[in-house]
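Heads up: the protein sequence lines correspond to chains F and C, in order.
Quick note: the first sequence uses my numbering, first residue 451, plus one each step.
Quick note: the second sequence uses my numbering, first residue 1201, plus one each step.
Some hints could be false.
Computed spacing ranges between beta-carbons, pair by pair [unchecked claim]: (1) F:Ser551 - C:Val1308: 57 to 63 Å; (2) F:Gly616 - C:Arg1565: 26 to 32 Å; (3) C:Ala1208 - F:Gly691: 49 to 55 Å; (4) C:Phe1356 - F:Ser599: 39 to 45 Å; (5) C:Arg1565 - F:Lys566: 52 to 58 Å; (6) F:Arg588 - C:Trp1327: 57 to 63 Å; (7) C:Arg1565 - F:Arg610: 32 to 38 Å; (8) F:Lys566 - C:Val1209: 38 to 44 Å; (9) C:Trp1327 - F:Lys566: 38 to 44 Å; (10) C:Ala1208 - F:Asp493: 30 to 36 Å; (11) F:Arg610 - C:Leu1228: 45 to 51 Å.
Read the hints as simulated data drawn from the structure, not as lab findings.
We put the beta carbon where it would ideally sit given N, CA and C, even for glycine.
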Amino acid sequence: MMPILTAPTAPRRAAFARAASPGVVDETHDVILYLEGITVTFDGFRALNQLTLHIEVGELRCVIGPNGAGKTTMMDVVTGRTRPDRGAAFFGQNLDLTELSETEIALAGIGRKFQKPTVFERHTVRENLELALKGDRRVRRVLLGGLGSEDEGRIDGMLRRIHLAGEDSREAGLLSHGQKQWLEIGMLLVQEPQLLLLDEPVAGMTDEETERTAELIRSLAETHSLVVVEHDMAFIAQLGGRVTVLHEGSVLAEGSLDEVQENPRVIEVYLGR
Amino acid sequence: MAPRKSLAVRVLESTPRAGWLALGAFSLLFLGVLPALHLFTPAASRLHVSDLVITVGGKIMCYAVVAVALDLVWGYAGILSLGHGLFFALGGYAFGMYLMRSIGHEGVYQSDLPDFMVFLDWKKYPWFWTGTDHFLWALALVLVVPALLAFVFGLFAFSSRVRGVYLSIITQALTYAGMLFFFRNETGFGGNNGFTDFKRVLGFPITAPSTRAVLFMLSAALLGGTLVLGRYLVTSRVGRVLAAIRDEEPRVRFLGYDPLWYKLFVWTLSATLCAAAGALYVPQVGIINPSEMSPANSIEIAIWVAFGGRGTLVGPVLGASLVNLAKSWFTVAFPEVWPFFLGLLFILITLLLPRGVVGLATRLRRPRRPA
């Protein structure tokens, strides 16, 4: 497949100039994330091989695939943690993700929930949300500006939404696994990103928690674009939305869950085992 | 709807009531009672506070400021510096230049130049001594030069994401390099003898009881101020970001914070506090030489912090005080045992008291809950 976008020099410089104040993502053309021919190699192992993936604005996309298919590496590329050897990655029409730092990408509007819940264990639940709250992140602003009552209100609202209202002054390290997952989702939401990347959001959750999480994610899809990496097929069925199957670093199949489950190649490499 | 709280209110609220009471008691004693008893009671009186108490006390308070400064970066931002002695010594040297200029013609060679320059057969001051006869310029050097060095060093170290033990090692190398540089006579800071034989500060005789009392009070004020500033910082949102960087730096990046600027801020602030302490230390002990920059000195600072309890602010003050009082006693009673004692102390606190004396106190008061 011919890449639609390559990475010419001009947008690079433009991206660099934007670095000081990450620009607003340009969502025209209804595509929020372009990955074109992304290749990532670790010590000779091709984690991603010519991966091409488009996520539309407001889309809820599930990504599945066997271990080592490149799901987490794909998220690493999108969030700036890993630089691709080849290929282009754009956020909207204008932001070249291969040129921005992790911090700039986060500020531009891409939020990520990690596979292992990574909340700040020695901070309280409220402090965790406060750290994540959208706002000016520069040292002098944070040093001199206190939180206004509006900010506190947003935190309180999120505490209720993630069912942690009674736990706000507990240390996050003392929460149950499922609660930590919820806290992390809450932290993601108060950042107010346009694109959410969720890496196994229901790992280690009870059935009831899983169901509530599916409900939350579906409600988010109305206002956000979402990419969910998950193993749990029942959960993916609850989410609905298009499914992309990754295998050995490239897209094996794409379609509704029923379509990909009937795809013979998918059955062969993944579901059939 | 509560409006945003003003900075003053937030500073006031950052230290708990007990903290303000303790600080009040400390101020009363160290800014009032002790200096007054030193100055206004006859030497024979049982209430008299001796020269020794005032100079050792002032010196230890300067050390305590350095310990709190190290705690800010180590305990709250996870940056273990083993080179903080360098910033302390640079502050001391910067103010020492002013003290050297204040000697005037009263040196051994009765020259315009300090004795060590006459000895080297120099005819005029090197360019970087320009203006050091002015108190305010010297003060500016105290605050700016170490801060600038810390900023540039931090910029390179933190932006290349050097962390943990690697950072500690390069801070050791930095202070060692500083020591070798200052050992050279050609550097222009008196070589291995450094600066000494000061006569006066701001026109006042440097060994007069009243001068000593004022320096002692300034040290106490600096220590109190450092503690209030430190408490505000670590309880502020910046403090929470720093603690988050300490615990999970990569995660902080994905929240959109750039750890570089947060680390640089606290690192530079810490170095500046050390420099201010160094500048107060030199007139009280009457000497500054390159041995203050020796790697072992900086490691000792880390021991004070660990012994008192890192991440507690008050702990490092206790640590610096107790270790230095022990040192004063040991180096008189059993001078050869001191290094072994210090080493043993460090091993024991690392193994048994991860949160130092303060951690022990909290554990004794509140027995650990069964898991």
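Here is how each hint holds up against the structure:
1. Between Ser551 (chain F) and Val1308 (chain C) the Cβ separation comes to about 58 Å, which falls inside the hinted range of 57 to 63 Å.
2. Hint check: Gly616 (chain F) to Arg1565 (chain C), Cβ distance near 28 Å, so the stated range 26 to 32 Å holds.
3. Taking 49 to 55 Å as the suggested C-beta distance range, the pair Ala1208 (chain C) and Gly691 (chain F) conforms, at roughly 52 Å.
4. Between Phe1356 (chain C) and Ser599 (chain F) the beta carbon distance is about 42 Å. The supplied range of 39 to 45 Å therefore holds.
5. Range check, Arg1565 (chain C) to Lys566 (chain F): about 35 Å between beta-carbon atoms, so the 52 to 58 Å window is missed.
6. Between Arg588 (chain F) and Trp1327 (chain C) the C-beta distance comes to about 37 Å, which lies outside the given range of 57 to 63 Å.
7. Look at Arg1565 (chain C) against Arg610 (chain F): about 36 Å separates their beta carbons, and that is inside 32 to 38 Å.
8. Distance hint check for Lys566 (chain F) and Val1209 (chain C): the Cβ-Cβ separation is about 39 Å, which falls inside the suggested range of 38 to 44 Å.
9. A hinted range of 38 to 44 Å for the beta carbons of Trp1327 (chain C) and Lys566 (chain F) is inconsistent with their spacing of about 57 Å.
10. About 56 Å separates the C-beta atoms of Ala1208 (chain C) and Asp493 (chain F), a value inconsistent with the hinted range of 30 to 36 Å.
11. For the pair Arg610 (chain F) and Leu1228 (chain C), the supplied restraint of 45 to 51 Å holds, since their beta-carbon distance comes to about 48 Å.
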